[in-house]
Every structure is written in C-alpha cells, then in structure tokens.
Amino acid sequence: MDLHHLGVAELARQLEARAVSSVELTKQLLARVAAHEQLGAFLCTDEAVALRQAEAADARRARGETGPLLGVPIAHKDIFVTRDFPTTAASRMLDGYRSPFDATVVDQLAQAGAVTLGKLNCDEFAMGGSNENSAYLPARNPWNTERIPGGSSGGSAVAVAARLVPAATGTDTGGSVRQPAALCNVTGIKPTYGRCSRYGMIAFASSLDQAGPLARSAEDCAVLLSAMSGFDPRDATSADRPAEDYRAALVAPRAGATAGRPLQGLRIGLPKEFFGAGVSADVADAVRQALAEYEKLGATLVEVSLPRTELAIPVYYIIAPAEASSNLSRYDGVRYGHRAQAYDGLLEMYKKTRAEGFGPEVKRRIMIGTYVLSHGYYDAYYLQAQKLRRMIADDFQAAFRQCDVIAGPVSPTVAWPIGGKTDPVANYLADIFTLPASLAGLPGMSVPAGFGEAGLPVGLQLIGNYWKEGELLHTAHALQQATDWHLRAPEGF
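86 is the number of the first residue of the sequence shown in the working numbering; add one for each residue after it.
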C-alpha cells in the first residue's frame with residue numbers, strides 16, 4: 086500500500102482499522118525520506134527514536150486508546166527545541182545543539198501520539214522567505230527542484246508536498262507558514278497570535294512569531310491545530326482560552342446553509358490593495374477562479390479596503406529586526422552554541438563568534454534592528470512603526486465590519502528560481518500580502534488554488550478575525566470538498 090499518499094485523517098483511519106501499524110508506517114516514510122535527500126527537506130532523522138515512538142503508539146492502540154494523531158508520523162521545523170534530536174535553527178551558531186527539554190508544541194503533539202521522524206530545514210533563525218538562508222543547504226520545491234519552496238518553513242512545505250510526511254509543524258512571523266504552503270501546493274494555517282505556545286520555539290521576533298501546521302488539507306490542519314493549541318503558563322504571550330476541536334468546526338453547518346451551498350451567507354472581503362498591479366497575471370487568474378468556486382458554494386464577494394497594506398513592509402522590517410537584535414544577543418559564545426576557536430580577550434570572542442556563527446541575512450537584520458533601536462533613532466523609526474502597526478490592525482477591524490473572511494493571493498508570483506533574487510529587498514517585497522495579518526496578530530491560512538506559470542502552484546490566502554480559526558478552516562474545507570487542487574502531487578512524488 087502506498088501509504089505516503091494518505092493524509093493525517095486517512096492514516097488515522099488505517100491505524101484505527103489495524104490495516105497498518107505505526108511501526109510499518111514509520112519505516113516506510115523513513116525510507117522515503119532517505120530516498121529523497123536531494124530535496125533538502127530534512128536536516129536530521131533518527132530511526133531509533135522514531136521507531137521507539139511508533140512502538141509506544143502501537144502499544145497505546147493495543148490498550149484500546151484512540152486518537153486522530155496516535156501513531157501518525159510527522160516532523161518538526163528545526164526552530165522547535167527537541168530532546169531527542171539536535172536543534173540548530175538551520176544556523177552554524179547552534180550546530181549540534183541538544184536541548185534538555187521539548188518545546189510545548191512538540192510535547193503536545195507527542196502526548197497526542199504523533200511520531201517524530203526528524204527536524205526540517207528552514208531559513209536561519211526563521212529569517213527569510215525562500216529557504217535559501219539555511220546554513221546547511223537550500224530546500225528545493227518538488228514541483229520544480231530548481232525553484233525555491235518559500236520560507237522560512239520551506240523544509241516543512243517540501244516534506245508535505247513531496248509526500249515524505251503527511252504533516253509538519255512550522256512557524257509564521259511574517260508569512261512563513263502561508264507562503265511556503267502556497268508555493269508548494271499544501272495547506273497551512275497561522276493561528277491568532279497567542280493561540281499556540283511559543284515556549285521552546287527559538288525566538289526571532291517575539292511579538293510576531295507563532296506556530297502553525299502544514300498538511301495536505303484543511304481537515305488535517307484542523308487535527309494538528311487542535312492538539313497544538315492551548316494555554317501554556319510558561320509562555321507570557323499565551324492566550325488563556327479554552328481548547329477547541331477544530332475538526333468539529335469543519336462539519337458544523339453555517340446558519341442558512343443549504344445542500345450544495347454550504348457557505349450560504351458567508352461574506353468574503355476582497356481588499357482592492359491585494360489585486361493591484363503588483364500581482365502577476367497567472368496568480369490573479371488562479372485566485373479569481375478559486376473565488377468563483379466560493380460563489381458557487383453560496384458565498385458573497387465584497388470589496389473592502391486595507392489602505393495601509395503598502396506600509397506593512399517597512400513597518401515589519403523595522404519591528405521584526407529590532408526584536409531579532411534583542412533576541413539574538415544571547416548567542417555570544419559564552420553559554421551555549423558556537424564559540425570562536427582563536428581570540429584575544431572577551432570582546433574579540435564576541436565579535437569572532439557572531440561573525441562566524443551567523444549568516445548574511447541574520448547579520449543584516451541584527452544590524453538593522455540595532456540601528457532602529459539606537460539612541461536618536463528609536464522615536465523616528467521603531468516608535469512610528471508601532472503606531473502604524475496599530476493602524477494596520479484597525480484597518481482590518483474596519484474591513485471585518487463588512488465581511489466575515491478576507492481573501493486574496495498569498496504571494497504576488499509563483500515560486501522563483503533558486504538564486505533568482507539577489508537583492509534582499511526583492512525578497513522582502515514577496516511578503517506584501519502576508520505581513521499585514523501578522524502585524525495585526527490575526528489568523529491566516531493558505532489554501533491550494535490552482536496553478537500558474539510553468540504549472541507551479543498558487544495559494545489563496547484566507548484571513549479571519551481574532552480567534553476565528555474554526556471559521557477559516559471551515560471555509561477552506563468547503564473549497565477542498567468542491568475542488569481537487571489540494572490533492573495534486575508533483576510529478577515523481
């Protein structure tokens with residue numbers, strides 16, 4: 086049986102029926118990971134650890150336990166600390182680092198019975214939108230291995246798209262779950278800021294970072310998000326809200342819905358700023374086709390405005406580097422991580438350690454962040470950016486008075502060639518549609534929406550109001566019940 090073609094929910098049914106064991110499934114997927122090393126999706130695997138977890142999951146099922154993740158293999162972005170696997174954040178600075186504890190998200194999924202195959206490639210310290218900033222190797226898009234998969238959760242998207250794992254964890258600071266999901270034709274959701282614990286998630290920008298799942302479908306994302314979310318007293322930014330069963334939200338009918346029109350009454354807002362000249366024609370066509378499907382399902386399309394969309398890029402690239410500058414100051418060669426071999430005095434050790442350990446993009450953001458926080462520039466840059474951030478959030482609230490969900494493209498273009506954007510600003514501009522929701526702390530997701538230039542995937546972005554993950558997943562699930570874009574796999578995988 087080609088088990089790698091099955092998603093989380095389907096694999097759970099196979100495990101429940103005893104058609105396959107978790108050990109058999111884990112062995113099959115580990116062999117598949119080894120056969121596709123050229124994709125650069127994984128930074129490490131450990132067969133002994135994975136099989137031990139699979140045996141424990143099988144034993145739990147033998148005792149009568151059930152669960153939608155019990156025995157299902159997944160993998161974690163290498164930004165979550167793990168006891169059983171090295172955690173490097175794809176940086177030489179943390180080469181070989183072993184954490185004494187698991188991140189809360191890792192622990193929650195383990196308690197649900199998920200089996201960890203290994204750690205996934207990403208941009209260094211989650212800084213980037215192409216996965217080219219990994220200190221080890223770039224991840225490659227399985228739809229065209231000469232193209233980027235998106236970032237920073239590029240390894241996660243590649244692993245799911247290439248059928249190496251049915252689902253994976255990622256993190257989204259400015260679009261790092263949604264963008265790679267879009268460019269690799271998988272489904273990914275960034276929940277409301279505070280929905281998932283950040284404890285044990287290596288920090289980039291603390292007021293923006295949020296964990297989220299990537300999987301084959303909205304149903305699979307709902308299963309993972311149900312396990313990943315919840316209050317954590319160890320995380321000061323964790324929201325004290327009751328746990329939700331997001332899978333149940335998929336089948337709960339909307340008020341007024343009818344047979345064949347499950348989204349009757351849903352108002353989908355289309356920001357005019359998301360459909361301007363900056364979007365390539367092939368992406369715009371695919372998004373419009375997906376929106377036409379929503380109309381068939383009973384939804385109404387409403388034009389709205391997010392007037393400060395263009396300001397999201399300068400605002401983000403002031404706030405995020407400022408927080409990165411602070412967070413990454415701990416990597417000094419004293420307590421853990423890389424330390425330079427030869428130096429003369431403490432100051433030189435700091436300089437050499439950080440020069441050797443950090444890559445170019447991380448250094449660039451540290452320098453930008455240090456500059457905007459420095460005396461004489463804090464008020465002119467950082468403080469103004471925070472004021473604009475509040476205005477961007479207010480724009481969304483004004484839009485949500487006219488609609489229930491906001492939709493548009495995830496990325497202005499399909500995946501570009503590896504090495505195709507040498508100017509950092511060109512890479513930053515690719516985040517124009519994902520940054521606003523991140524700055525506002527809103528939930529957003531990417532749903533496969535067809536294909537553009539050269540047969541490369543296009544993602545439709547759905548943005549909801551605070552704590553409306555269930556509504557987003559329901560909206561995405563309805564589209565996936567009516568279309569097959571999310572079921573299509575890259576040739577050869």
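Mixed in with the good hints, there may be bad ones.
What the hints assert, rightly or not - Calculated pairs, PhoX-like style, for lysine-lysine (alpha carbon to alpha carbon, straight line, at most 25 angstroms): (1) 448 x 437; (2) 472 x 436; (3) 357 x 472; (4) 436 x 448; (5) 357 x 448; (6) 553 x 381; (7) 357 x 112.
Said to hold, decoys possible - What follows is a set of in silico ranges between Cβ atoms, one per label pair, in the way DEER data are often shown: (8) 452 x 90: 27 to 35 angstroms; (9) 448 x 149: 51 to 59 angstroms; (10) 514 x 465: 33 to 41 angstroms; (11) 465 x 122: 18 to 26 angstroms; (12) 90 x 149: 50 to 58 angstroms.
Because the hints were derived from the structure by calculation, they are not lab data. Computed from a prediction, not measured in an experiment: that's the story for all the values here. Heads up, the beta-carbon is just placed ideally off N, CA and C, and yes, glycines get one too.
Tested hints:
Between the alpha carbons of residue 448 and residue 437 the distance comes to roughly 13 angstroms, so the proposed pair stays at or under 25 angstroms and holds. A threshold of 25 angstroms between alpha carbons decides the hint, and for residue 472 with residue 436 the separation of about 34 angstroms lies outside it, so the pair is violated. This hinted pair checks out: residue 357 and residue 472 have alpha carbons roughly 23 angstroms apart, not beyond 25 angstroms. Annotation: proposed proximity of residue 436 to residue 448 holds, straight-line Cα distance about 12 angstroms (limit 25 angstroms).
Restraint check for residue 357 and residue 448: the C-alpha separation of about 36 angstroms exceeds 25 angstroms, so the hint is violated. Taken as a hint, the residue 553 and residue 381 pair is honoured in the structure, with Cα atoms around 23 angstroms apart against an allowance of 25 angstroms. Of the supplied pair hints, the one linking residue 357 and residue 112 is violated, its CA atoms being roughly 49 angstroms apart against a limit of 25 angstroms. Judged by the Cβ atoms, the range 27 to 35 angstroms given for residue 452 and residue 90 is violated: they are separated by roughly 46 angstroms.
The hinted window of 51 to 59 angstroms between residue 448 and residue 149 holds, with their beta carbons roughly 54 angstroms apart. Between residue 514 and residue 465 the CB atoms are about 23 angstroms apart, so this pair departs from the stated range of 33 to 41 angstroms. Checked against the given bound of 18 to 26 angstroms, the beta carbons of residue 465 and residue 122, roughly 48 angstroms apart, lie outside it. About 29 angstroms separates the C-beta atoms of residue 90 and residue 149, a value inconsistent with the hinted range of 50 to 58 angstroms.
The structure shown violates the earlier hints numbered 2, 5, 7, 8, 10, 11 and 12.
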